[in-house]
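Chains as they are written, first to last, in the working numbering: chain W, 10 to 231; chain D, 10 to 231.
Any given hint might turn out to be false.
Said to hold, decoys possible - Restraint-style ranges between C-beta atoms, simulated for each label pair:
1. K33/W to E82/D: 29 to 39 Å
2. N220/W to R212/D: 43 to 53 Å
3. N26/W to K44/D: 12 to 22 Å
4. L169/D to Q46/W: 52 to 62 Å
5. H22/W to N123/D: 18 to 28 Å
6. N213/W to L169/D: 46 to 56 Å
7. Q50/W to K44/D: 28 to 38 Å
8. R212/D to S196/W: 45 to 55 Å
9. H184/D to G171/W: 27 to 37 Å
10. K214/W to K44/D: 21 to 31 Å
11. N175/W to E29/D: 52 to 62 Å
12. N175/W to E82/D: 30 to 40 Å
13. Q119/D to E27/W: 23 to 33 Å
None of these hints come from the bench; they were simulated from the model. A virtual CB, placed ideally from N, CA and C, is assigned to each residue, including glycine.
Protein chains: 2
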Amino acid sequence: MIEFLKKIDLFSHLDNNELENFTKKGQILPVSFKKGQYLIQEGAKYNSLHISIKGICMAEMGDITGKTIKIDEFKPPHIIGIGFFFSDKNILPVSIKAKTNLQIIKISRQAIFNLCKSDEIFLNKFLLTLSSRIEFLTQRIRFLNFNTIRQKLANYLLILAGGKENSLTLPLKMHELADYFGVARPSLSQVFIDFINEGILSRNKKKIIINRREKLLAVCNN
Amino acid sequence: MIEFLKKIDLFSHLDNNELENFTKKGQILPVSFKKGQYLIQEGAKYNSLHISIKGICMAEMGDITGKTIKIDEFKPPHIIGIGFFFSDKNILPVSIKAKTNLQIIKISRQAIFNLCKSDEIFLNKFLLTLSSRIEFLTQRIRFLNFNTIRQKLANYLLILAGGKENSLTLPLKMHELADYFGVARPSLSQVFIDFINEGILSRNKKKIIINRREKLLAVCNN
């Protein structure tokens, strides 16, 4: 278990003795979940940080009508809900479910808090993790705020290409990009086709060439 | 200056001696800005936490076309960009500009880090602040992800009303709500008018009565 923890950046610098100490006090515990079991139910208190070390888990959210929507899927190792762990309400906004049989390490709130207090490197990494999450979410809101899919995609491609380059490689698959924008995949694919038909882009799988940058800028500006 | 800091929740429990110590070391500094001056330029390193104690500052963002968009406006006391302060890139995604003459307290990264290490209450408050920011942004993304303004508004009203209540008071002004959804204000007002004409809502300024909850649920579900 300790070997697994040390593969995770947040814990990689800690020595075995320190981690074994937490284990002896019961502040770090291994737990297993069977496929289909819920690790945490949406709205429950989230008092131990769960880290998946084997198997796939997924986040689900009940919408207001009671329908369950799959939000995300996490491969190991994954630290679950680190951003909500110290929040005011201390409640996860999603349910976490085992998609396959799952091995988890649970770390108590006290252990995480003690590490923050006593270990400067850990504190730095922990603050960095939270801040980077805020950075990611803010960037995501920036994209979502663009009203049309044409605007979202034009803005995204221009940022990826940077100031001068006109070729780029998409870092996400089409369905991931659609999720990132919060739009349906067919609609996004249609905008790609439109851009290509309008002579704005050429595309070869993940390779994109911007042929008419001024047109993309105009889309953002509309 | 120390009195001002103590009015801010994050620092309210600290004793004067401790804060004066930081002041003597130059880790807490007062700074003034004239109306129109930039405190921080978008993309610059953000190495001292800025807290406004007098005057109004605003966040601006240059979009990809070079146009400047006003993002937000902050009344004192306001802690600027706390979520980005410890991030990987350590860069603010917005420019901060003085809308009026401005008095600011700058606190060095080292001072904040030392407070996190040495003061358990501060650490707790600081982690809570970051986590609450993540909670807020996640909730906002949840709204932005609803595709139509009708869906955004229906979902928002149902959450505000809670499980059973059918009356509620809007906590935001119409233009604030439009900003929150990332939509234009006239479009949002039109959806309110539509909902009222369809018999779904009644409205008296900020007071809203949900007359046909099942219709709102159907809007979310579409």
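Status of each hint after checking the structure:
1. K33/W to E82/D: 29 to 39 Å: violated, 52 Å
2. N220/W to R212/D: 43 to 53 Å: Between N220/W and R212/D, where Cβ atoms are some 49 Å apart, the hint holds.
3. N26/W to K44/D: 12 to 22 Å: Hint violated: Cβ distance 57 Å, outside 12 to 22 Å.
4. L169/D to Q46/W: 52 to 62 Å: At roughly 33 Å between Cβ atoms, Q46/W and L169/D fall outside 52 to 62 Å, so the hint is violated.
5. H22/W to N123/D: 18 to 28 Å: holds, 20 Å
6. N213/W to L169/D: 46 to 56 Å: Given about 48 Å between the Cβ atoms, the range holds.
7. Q50/W to K44/D: 28 to 38 Å: violated, 51 Å
8. R212/D to S196/W: 45 to 55 Å: violated, 32 Å
9. H184/D to G171/W: 27 to 37 Å: Holds - the Cβ-Cβ distance for H184/D and G171/W, about 34 Å, lies within 27 to 37 Å.
10. K214/W to K44/D: 21 to 31 Å: violated, 52 Å
11. N175/W to E29/D: 52 to 62 Å: Between N175/W and E29/D, where Cβ atoms are some 56 Å apart, the hint holds.
12. N175/W to E82/D: 30 to 40 Å: holds, 37 Å
13. Q119/D to E27/W: 23 to 33 Å: holds, 25 Å
Taken one by one, the earlier hints fail for this structure at numbers 1, 3, 4, 7, 8, 10, listed in ascending order.
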